[in-house]
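Okay, here's what each chain looks like letter by letter:
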Amino acid sequence: MASQSISVAPPKAFRGVGRSILLTVPMALWALLMFTPAFQKAGRDEHIGALVVIVFMTGLFFMMMRTGETYRWRRIFFVALGFLFPFGFIAALIAERGTMSIPISRMVSGDTPFCFMVTPSLILPAAFARTIIFPGSILPTASNPHSIAIMIGVWFAMTLVLGKAWCSYACFFGGIEEGFAALPKRRRLHRFVTKYGSTLRLIPWAILVFVVLVSAAIFEPVYCMWLCPFKAVTEFPAVRNVETAIQMGVFVALFVGLVVVLPYLTKKRTQCGFFCPFGAFQSLSNKINLFEIRFDRTKCVDCTLCQTSCPTVALSKDSIAEGKTLLNCMKCGACVDVCKKDAAVWHLKGTPVAVKPERARLLFLYGAWAMATMFGGSVLAGSVSTIIHWLPGM
Amino acid sequence: MRTRFLSILAYTGAGFTLLIAVCVPFVLIMGFSNVVAHAGLHIDATYSGGTIARTIQRSGYRIEVYQQVRPRMFERTEPFVQIVFEPADALPARVNDEIDLDGDGRADVRVSFTKPADANAKMHGDVTALNGGYVSLSNASGESFSRMVVRTGNKIVVRVPMK
Chain A
1 MASQSISVAP
11 PKAFRGVGRS
21 ILLTVPMALW
31 ALLMFTPAFQ
41 KAGRDEHIGA
51 LVVIVFMTGL
61 FFMMMRTGET
71 YRWRRIFFVA
81 LGFLFPFGFI
91 AALIAERGTM
101 SIPISRMVSG
111 DTPFCFMVTP
121 SLILPAAFAR
131 TIIFPGSILP
141 TASNPHSIAI
151 MIGVWFAMTL
161 VLGKAWCSYA
171 CFFGGIEEGF
181 AALPKRRRLH
191 RFVTKYGSTL
201 RLIPWAILVF
211 VVLVSAAIFE
221 PVYCMWLCPF
231 KAVTEFPAVR
241 NVETAIQMGV
251 FVALFVGLVV
261 VLPYLTKKRT
271 QCGFFCPFGA
281 FQSLSNKINL
291 FEIRFDRTKC
301 VDCTLCQTSC
311 PTVALSKDSI
321 AEGKTLLNCM
331 KCGACVDVCK
341 KDAAVWHLKG
351 TPVAVKPERA
361 RLLFLYGAWA
371 MATMFGGSVL
381 AGSVSTIIHW
391 LPGM
Chain B
1001 MRTRFLSILA
1011 YTGAGFTLLI
1021 AVCVPFVLIM
1031 GFSNVVAHAG
1041 LHIDATYSGG
1051 TIARTIQRSG
1061 YRIEVYQQVR
1071 PRMFERTEPF
1081 VQIVFEPADA
1091 LPARVNDEID
1101 LDGDGRADVR
1111 VSFTKPADAN
1121 AKMHGDVTAL
1131 NGGYVSLSNA
1141 SGESFSRMVV
1151 RTGNKIVVRV
1161 PMK
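Sequences listed follow chains A and B, in order. Residue numbers for the first sequence, in the numbering used here: 1 to 394. Residue numbers for the second sequence, in the numbering used here: 1001 to 1163.
Source of the hints: derived by calculation from the structure; they are not laboratory data. Don't be surprised by glycine CBs; every beta carbon is placed ideally from N, CA and C. You can take every hint at face value.
If you only want the chain A side, here are some residues facing chain B, beta carbon under 7 Å, derived:
id	residue
1	V108
2	T131
3	I133
4	L139
5	I150
6	V154
7	F156
8	I218
9	L348
10	G350
11	L363
With a cut-off of at most 20 Å between alpha-carbon atoms, the simulated SDA-like pairs for lysine to any residue come out as follows:
id	chain 1	residue 1	chain 2	residue 2
12	B	K1122	A	I94
13	A	K349	B	F1016
14	B	K1122	A	R97
15	A	K349	B	M1001
16	B	K1163	B	D1104
17	B	K1155	A	P103
18	A	K356	B	I1008
19	A	K356	B	M1001
20	A	K356	B	T1003
21	A	K287	B	I1020
22	A	K349	B	L1009
Using the sequences plus the hints, can you model the full thing?
In structure tokens:
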């Protein structure tokens, strides 16, 4: 039982094509609205990229409506985002400066694109010294449109809608490990993860406290400078001395270990579940977000399939017994889709559990997929247009 | 009765969340960005170089001398002063300037470098300390945030470490 993958549950085909299309129409219109600017001003490659993404995102939403499943269709989008974002980002860097490394001259001129992962580290210095400890620019510039104000605005506005679901519908890094986790047929190290899960899921909180306090003490974005695995596939400080060489080694080691090898072995998102301090920080938003996953105890048979399927170990036996997920649940829908007894359900806080769960799912998905289309979709469109641009004969 | 009231509240909240979702790309992102932009925050001086203290005009170009940047208690950066030569395009092929950094009327450092022909070419320069308060740099490039001679856009940024 423990080694079963989450695709064992029978498909929950419960909607006709016509009704599914009707439910998909608002999302198709939203996608068209989001990419209208791309059609108005960009070139042919951008038009094709936008068109591909409109069809892709609308098609996946249709399948969510048609099958009643969430996880597998969301995963297709998320893995595509995870692999195509670095591709598009690196392509842009190579075209602009010929290397993935960021020289110190660009840091002092404020040309480092802002990444939301550093947000928790900024809070204390910003609050007490009115200082942002990041080598970017507060307002967008011609050479750095991804300014701190814009990116924090994007993150905060989307967090109001998604809560912790940011980690499964918006983060452009998590899809890489979700992709590697999807590769093997059977999970290894399952006993280890189950036995030490309660300890492992505390690690992101410990790292969060560490990076926030140390960043405030030394006025450096410690996570960015030392601990981010995704520096290995985006951009990193140019190696100019022993310290920056060690930093580069740490980035590569963390990426290989936490994003490639361990997800492959465990079929879990190990970086997200056992390391990411931003994910821990984002978990706090689950307290105010209205949507959650609950368990109907009258139907649950304690098979623990949901616990096994959870990519971030956001379920424990105790939490299932209480009919709840843990705070770090990112609402990916894996547990709901895998449950053979329909005991795991989408839920709107304040309403009775397991009463109209599909309504709660729809209300959540419209908001979440709208954000995914707007943010991840635009990233995907950019990467697709880059690929088209590079294709021979195009 | 209470259950019904809570359900009405919950669905109202869910509807409000959808409304927020619709507003995100049109209103909220720029709204929150403006809040951050106008919050009176500034980029840490280790990265930005701090604020300009004085401007020295030369023929065809100017030298901006920044205020001294002193590290906070646990900050790892050395204290430094940033000097910016701009516009880089107007600089002579070889720059050799004596600069008064603290405004006391006496030159504190001599900065010399060759203007790179290519804006993206790696630079090397020398800083000679003319008094004991500053550290000389030989063949400096982009070693660290407190020791550098680099080109950024149309500027040459020099950072001189202090003792």
